[in-house]
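Using the sequences and the accompanying hints, generate a full structural model.
Protein chains: 2
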Amino acid sequence: MDTRTNFAAGQLRQYIEQIERLEEEIKALNSDKSEYYKAAKGEGFDPKIIRKVIAQRRRSASEREEEEALIDLYMSALSGTGFSDGGPQT
Amino acid sequence: MDTRTNFAAGQLRQYIEQIERLEEEIKALNSDKSEYYKAAKGEGFDPKIIRKVIAQRRRSASEREEEEALIDLYMSALSGTGFSDGGPQT
Numbered sequence: 002m003d004t005r006t007n008f009a010a011g012q013l014r015q016y017i018e019q020i021e022r023l024e025e026e027i028k029a030l031n032s033d034k035s036e037y038y039k040a041a042k043g044e045g046f047d048p049k050i051i052r053k054v055i056a057q058r059r060r061s062a063s064e065r066e067e068e069e070a071l072i073d074l075y076m077s078a079l080s081g082t083g084f085s086d087g088g089p090q091t
Numbered sequence: 002m003d004t005r006t007n008f009a010a011g012q013l014r015q016y017i018e019q020i021e022r023l024e025e026e027i028k029a030l031n032s033d034k035s036e037y038y039k040a041a042k043g044e045g046f047d048p049k050i051i052r053k054v055i056a057q058r059r060r061s062a063s064e065r066e067e068e069e070a071l072i073d074l075y076m077s078a079l080s081g082t083g084f085s086d087g088g089p090q091t
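Protein sequence lines correspond, in order, to chains A and B. Adding 1 to a residue's 1-based position in the first sequence gives its number in the working numbering. Adding 1 to a residue's 1-based position in the second sequence gives its number in the working numbering.
Simulated from the structure, these hints should not be mistaken for lab results. All clues given are correct.
A pair counts as met if it fits within one copy or between any two copies, since identical chains are not told apart.
Below, a list of computed lysine-lysine pairs in the DSS-like style, where the Cα atoms sit at most 25 angstroms apart:
#, residue 1, residue 2
1, K39, K28
2, K28, K53
3, K34, K49
4, K53, K39
5, K42, K53
6, K49, K28
7, K49, K39
Given the structure is predicted, the values throughout are model-derived calculations rather than measurements.
So this is what it looks like as structure tokens:
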């Protein structure tokens, strides 16, 4: 292989190894997650319900963030125009 | 809530928060992974092919592991019996 091909091969190897390393870490974390679910089940908590509670908390969090982003947007719209003087014309 | 309910609530909160923390970490690692794919694409490597190469390497690795496990199993079977003397009877 010439130098350029060698360089490209080295780069490719790096990308692939980094992605594989990340996948290993993700796999390990997923297995930790299963352990927590199993432990919770052992204490009498229903894993299916825990899953739903977590999904619901995630949903509420993202709705809250969206709401805050909109508040910021409206606030900056108000401060950027003459709007803040008297509200929308009636 | 009485003490027992309080205790259970605390336990539940711990499980849920630990699982949520793991999910956050997994999300972050997945986003790192996307970054690597994006960077590789920027260098002219096809992400779809990289994905297939990684899957193929994973498959070969697991086949190799399986093969090694079988070799160990056969070897220990041999050392555990009189088998190693002369091989199977013919």
